[in-house]
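Let's have the full structure, built from the sequences with the hints guiding it.
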Amino acid sequence: MYSDYNFAFLDEGSKREIRRASLKAVAIPGYQVPFGSRELPIGRGWGTGGIQLTLSLIGPDDVLKVIDQGSDESVNAVNIKKFIGLCTDVRTTANSREATLIQTRHRIPEIPLSDGQILVLQVPIPEPLRIVEPREEVTKKMHAEKDYAPIWLQLYESLVKYKKVTLASEYPCMVAGHYMMNPSPIPKFDNPKLHKADCLYLFGAGREKKIYAVPPHTEVVSLAFDDIPFEPEHFEGKKCRLCGSADTYLDEMFDALTGEKLYQCSDTSYCKEVRGACV
Amino acid sequence: MAYAAVSGGREAIEESIKLLEYYKSGTDKDIETEAVENKLSLLVDRVMSEAGLYAKTYAALALKQCEGAPEEAVFLLRAYRSTLARNYYTRPADTENMRIVRRISAAFKDISGGQILGATYDYTHRLIRFDIDREHPAALQRHMRELLAAQKPEKLAPCPRVSDELKKEGLIDNCSQSDEAPHDVTVHMTKFPATRSARLQTLSRADSGFISGLAYSALRGFGQVHPTVGELRCGYVELCVPYLFDENESICIGEILITEAECFNDAGDRDCLKLAVGYGAVFGRNENKAIAMAVIDRELDAGGRYPAQNEEFVLMHGDSLEMNGFISHLKLPHYVTFQSKLDAVRKSRGPKDV
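In order, the protein sequence lines correspond to chains U and D. The letter at position 182 of the first sequence is residue 182 when you use my numbering, and the numbering goes up by one with no holes. The letter at position 201 of the second sequence is residue 201 when you use my numbering, and the numbering goes up by one with no holes.
Derived by calculation from the structure, the hints in this document are not laboratory data. Small disclaimer: the values here were computed from a predicted structure and weren't measured. Check each hint, because a few of them may be wrong.
[Unchecked claim] As a list, the in silico BS3-like pairs of lysine-lysine whose alpha-carbon atoms are at most 27 Å apart:
| id | chain 1 | residue 1 | chain 2 | residue 2 |
| --- | --- | --- | --- | --- |
| 1 | D | Lys64 | U | Lys82 |
| 2 | U | Lys82 | D | Lys331 |
| 3 | D | Lys341 | U | Lys164 |
| 4 | U | Lys239 | D | Lys341 |
| 5 | D | Lys331 | U | Lys261 |
| 6 | D | Lys331 | U | Lys140 |
| 7 | D | Lys347 | U | Lys261 |
| 8 | D | Lys64 | U | Lys146 |
| 9 | U | Lys261 | D | Lys341 |
| 10 | D | Lys341 | U | Lys15 |
| 11 | U | Lys239 | D | Lys347 |
| 12 | D | Lys347 | U | Lys163 |
Set out below in structure tokens:
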């Protein structure tokens, strides 16, 4: 641990401020709470919102897991773990069940998380309305007035034009019947995991200076029309080449020699667990 | 199998850092931090200004650590700044009392207190001096010190602002003094419409290139076109903080070098014209940034349909740390979101292509 710096890098006053913003976020599910985002030694836009949440929450007894694109071993996950390790010395793990605090980018683990666990998601653009309105001043008002017509219109237009809803990841959802929320760039596949979960989901956007939350047991509904249901990505007839799972989010890859298309679980720790159980 | 995921990260990162250290080791000659601080002062000033941290030695250290990339040095200083608690806010510093080292006006030939050309590259010929490599630094410094010692110190006449005269004449609106506590952009998110203090802080910390380009766009026609530099001054300003045991007393904690600019534009005033002022102030000697800031300040007041006149556009996209952080994040893997995008594209192309 670097003794030149405070435990968990930030000064205690900053950590308290971030925790206060988090509490407010929990109290108003889906509402984006502004906070005085601090600069970190990690690139702004590389998960600093999530890292600030993690730093403000972490204590010596926590067990930390960091994933990026579902993988514990990807360079960004390793780098964030290394930084938090430098200033806290807490134990890290790849096991999603064992971790008390999980920081993630672009995925929610395949196994359901339990109470007592917090999933911290990194968010590049917290504003779900940004795709239809660039001005913060205007989107704030739209949320206050629950004026979400432009997003619905966009969904409708994509149906008319392409006969499909073409929004990909970052698929907006309604939280507790009021605020429209950007679930961060998780695939649509992961959206249902936000609904009435046992764990707490915290979302941190460092560059955009916003924190928001989905508290446990909160209703989270992905946008859909009555006659056109919400449709996540599907991988019918495909399964993981390593563990054989057919019900997980799969990464697509090519064998450079044969040109064959292959699939593999994006959640590497889940994939390992399944293989362990099979062997 | 030839597929190599960007994983197995720890070892890869360690080796990458090793290679970086190799690049940085460059030659057997060293760049001393003291030399960076004192001989690359304009670069140090720029980095301090964009970092919002006035710390010359740390800025020099940061530059040495990152092969001289300004945005990386800003990054290092900002990250370091996050570890420090803010204990004080200084009292408002009256720049009229600035210890001036340079002061010019493009609006009037004769200004009260006089014009002081000071040090500027404006009137140098930009020819590479090939003999600079053969300079003897110690002898050069000695020679310069001797020249300085031979000067007779003169007392500086008081330098009221050029705009004060025009305010007296009623050509510029006289704003009442505001003692409202400034909005601190380092600890609070800026809300829109932004307060003036939030605007000025954000502009002052903005990336020099961004703000210059933006001001240039306003000069070229995407804005109000060509303001006049009423006054540009550069000098040392004393900073004071409230005394802990007696709020009415202040303690001086040192002085900083800043560049300050005021630009004049004409503006409508019911049935006649008046002059409107744009204001800029930045750490160190950085005249173009101060002027650009003053241009943008005025454009934002005026409002309009061009980028330089749009508050959210200007204030949200000029931070060095934020722009470089987000652009560089594009190098991170986006396998999951791209897969999702592929899924959406394939689905829209109908069943035959799925």
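Structure-based check of each hint:
1. D/Lys64 / U/Lys82: holds (24 Å)
2. U/Lys82 / D/Lys331: holds (19 Å)
3. D/Lys341 / U/Lys164: Roughly 13 Å between the alpha carbons, so the hint for D/Lys341 and U/Lys164 holds.
4. U/Lys239 / D/Lys341: This hinted pair holds, its Cα atoms lying about 19 Å apart.
5. D/Lys331 / U/Lys261: With Cα atoms ~24 Å apart, D/Lys331 and U/Lys261 stay inside 27 Å; holds.
6. D/Lys331 / U/Lys140: Roughly 31 Å between the alpha carbons, so the hint for D/Lys331 and U/Lys140 is violated.
7. D/Lys347 / U/Lys261: holds (18 Å)
8. D/Lys64 / U/Lys146: Violated - the C-alpha atoms of U/Lys146 and D/Lys64 are around 51 Å apart, more than 27 Å.
9. U/Lys261 / D/Lys341: holds (17 Å)
10. D/Lys341 / U/Lys15: violated (36 Å)
11. U/Lys239 / D/Lys347: Holds, at about 19 Å.
12. D/Lys347 / U/Lys163: With a Cα-Cα distance of about 9 Å, the restraint between D/Lys347 and U/Lys163 holds, given a limit of 27 Å.
The earlier numbered hints that this structure contradicts are 6, 8, 10.
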